[in-house]
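The hints should help you fit chain B with the ligands onto chain A, whose structure is shown.
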Amino acid sequence: MGKAKGTVIFDSDACKGCGLCISVCPVNILALDTSSVNNKGYHPATAIEPEKCIGCANCATICPDTVITVYRTMEE
Amino acid sequence: MAVVFQKTKGLTDKPFSYCPGCTHGIIHRLVAESLEELGLLDEVIGVAPVGCSVFAYEFFNCDMHEAAHGRAPAVATGIKRVHPDHPVFTYQGDGDLASIGTAEIVHVAHRGEKITTIFVNNAIYGMTGGQMAPTTLVGQKATTAPYGRDAALCGNPIRISEMLATIDGAVFVERVAVNTPANIRKAKKAIKRAFEVQLQGLGFGIVEVLSTCPTNWGLTPVESLEWLEKNMIPYYPLGNFKSPKEEK
Ligand SMILES: Cc1ncc(C[n+]2csc(CCOP(=O)(O)OP(=O)(O)O)c2C)c(N)n1
Ligand code: SF4
Numbered sequence: 455m456g457k458a459k460g461t462v463i464f465d466s467d468a469c470k471g472c473g474l475c476i477s478v479c480p481v482n483i484l485a486l487d488t489s490s491v492n493n494k495g496y497h498p499a500t501a502i503e504p505e506k507c508i509g510c511a512n513c514a515t516i517c518p519d520t521v522i523t524v525y526r527t528m529e530e
Numbered sequence: 003m004a005v006v007f008q009k010t011k012g013l014t015d016k017p018f019s020y021c022p023g024c025t026h027g028i029i030h031r032l033v034a035e036s037l038e039e040l041g042l043l044d045e046v047i048g049v050a051p052v053g054c055s056v057f058a059y060e061f062f063n064c065d066m067h068e069a070a071h072g073r074a075p076a077v078a079t080g081i082k083r084v085h086p087d088h089p090v091f092t093y094q095g096d097g098d099l100a101s102i103g104t105a106e107i108v109h110v111a112h113r114g115e116k117i118t119t120i121f122v123n124n125a126i127y128g129m130t131g132g133q134m135a136p137t138t139l140v141g142q143k144a145t146t147a148p149y150g151r152d153a154a155l156c157g158n159p160i161r162i163s164e165m166l167a168t169i170d171g172a173v174f175v176e177r178v179a180v181n182t183p184a185n186i187r188k189a190k191k192a193i194k195r196a197f198e199v200q201l202q203g204l205g206f207g208i209v210e211v212l213s214t215c216p217t218n219w220g221l222t223p224v225e226s227l228e229w230l231e232k233n234m235i236p237y238y239p240l241g242n243f244k245s246p247k248e249e250k
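Chain order of the listed sequences is A and B. When you line the first sequence up against the working numbering, it's residues 455 to 530, in that order. When you line the second sequence up against the working numbering, it's residues 3 to 250, in that order.
Next up, chain A with everything else stripped away, as it sits in the complex (with noise of 0.2 angstroms):
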């Protein structure tokens, strides 16, 4: 079994910075980007370090307003 790596990608404009998903990720690799603003006002949430990623799909899971895909590959 190859160890799983995974992608998430957020449709920032969407986000309403509410912070669910950081709050369920178990590599806690999730954060508000405080350096920008989406169109709503909000800080968006963003991977901070995507490469740790195992494609879980908590965050998508909890989020409310459907800003997150999640794809998911298995490495060698």
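The hints are simulated quantities; they were obtained by calculation from the structure and are not laboratory data. Glycine included, each C-beta is placed from N, C-alpha and C at the ideal position. Be aware that a few hints might be false.
Pair ranges (Cβ atoms, derived) [to be verified]: (1) A/Val491 <-> B/Ala184: 31 to 41 angstroms; (2) B/Gly114 <-> A/Glu505: 49 to 59 angstroms; (3) B/Ala184 <-> A/Glu505: 20 to 30 angstroms; (4) A/Lys459 <-> B/Gly41: 46 to 56 angstroms; (5) A/Asn493 <-> B/Glu228: 21 to 31 angstroms; (6) A/Val491 <-> B/His67: 37 to 47 angstroms.
As a list, the in silico SDA-like pairs of lysine to any residue whose alpha-carbon atoms are at most 25 angstroms apart [unchecked claim]: (7) B/Lys188 <-> B/Glu228; (8) B/Lys11 <-> A/Pro498; (9) B/Lys188 <-> B/Thr10; (10) B/Lys9 <-> A/Cys479; (11) B/Lys188 <-> A/Asp467; (12) B/Lys9 <-> A/Asp467; (13) B/Lys244 <-> B/Val108.
Chain A is nowhere near these chain B residues, computed Cβ spacing over 12 angstroms in every case [unchecked claim]: (14) Pro22; (15) Gly80; (16) Ala147.
Same frame as chain A, but now just chain B with the ligands:
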């Protein structure tokens, strides 16, 4: 790369009007995913309530009807009786269903109407600014209970699932919560099951979903999930109260 999670076709592109972190959005998605997976999007007819989810008809990618406050079960009854071959659901808050619409929900269950109700219990009137609901917990503050709900004055919070489970016409009754990814997955299973029960024509089904209202609870979205777990789940226990006999 395999897609593990993407937005369901059961939702329109319209952004939700809900406050940041409000779990109405999660519950919408679970309903929409269930309808998509069961292949019902082209035939299902939903009934939207009055409350924060009053615009549900803009968000669900299926036929929708609006109802007056609390009357969604009555409207859904009419729709189902005219269109018995179409799945019909209502989406209702706790002010809508457990207060002004109590008569409608009790009698829709009593008549065993073959519809599915998604009951969003956030223990408060959200849309109107945080007044006490019948579901507000003892001690919980609301604009109309500034010192917290007093049981001596207002009675204890109403447990809708337990009450409806005593009615013969209600064949599927389950309470779930959307406070963790694991509970959200369980909530999805219950909602999907409730629609399957309707398709089998067995009777009335309801899924009560414990939800948050960060804005009117005066908590952050993450604190709200914790408050739900610590305060709501002990009073409103999760679990299945009733399901059709053959699957037990
Ligand atoms: C006949 C009638 N009475 C009162 C109102 C005012 N009103 C609008 S929403 C609402 C309460 C909604 O609370 P809930 O059903 O819990 O939904 P939430 O907003 O919390 O999702 C009330 C009392 C109304 N619109 N119509
Ligand atoms: S007022 Fe409460 S229930 Fe309504 S959208 Fe905001 S958080 Fe959700």
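Results of checking the hints against the structure:
1. A/Val491 <-> B/Ala184: 31 to 41 angstroms: Given about 33 angstroms between the Cβ atoms, the range holds.
2. B/Gly114 <-> A/Glu505: 49 to 59 angstroms: holds (55 angstroms)
3. B/Ala184 <-> A/Glu505: 20 to 30 angstroms: holds (26 angstroms)
4. A/Lys459 <-> B/Gly41: 46 to 56 angstroms: Cβ of A/Lys459 to Cβ of B/Gly41: about 32 angstroms, so the range 46 to 56 angstroms is violated.
5. A/Asn493 <-> B/Glu228: 21 to 31 angstroms: holds (30 angstroms)
6. A/Val491 <-> B/His67: 37 to 47 angstroms: holds (38 angstroms)
7. B/Lys188 <-> B/Glu228: With a Cα-Cα distance of about 18 angstroms, the restraint between B/Lys188 and B/Glu228 holds, given a limit of 25 angstroms.
8. B/Lys11 <-> A/Pro498: Holds, at roughly 24 angstroms.
9. B/Lys188 <-> B/Thr10: This hinted pair holds, its Cα atoms lying about 18 angstroms apart.
10. B/Lys9 <-> A/Cys479: holds (19 angstroms)
11. B/Lys188 <-> A/Asp467: Roughly 29 angstroms separates the two Cα atoms, so the pair is violated.
12. B/Lys9 <-> A/Asp467: Holds. B/Lys9 to A/Asp467 sits at ~15 angstroms (cutoff 25 angstroms).
13. B/Lys244 <-> B/Val108: Distance ~16 angstroms between B/Lys244 and B/Val108 Cα, so the pair holds.
14. Pro22: violated (4 angstroms)
15. Gly80: Nearest chain A Cβ is 31 angstroms from B/Gly80, so the label holds.
16. Ala147: Per Cβ check, B/Ala147 is outside 12 angstroms of chain A; nearest 26 angstroms; holds.
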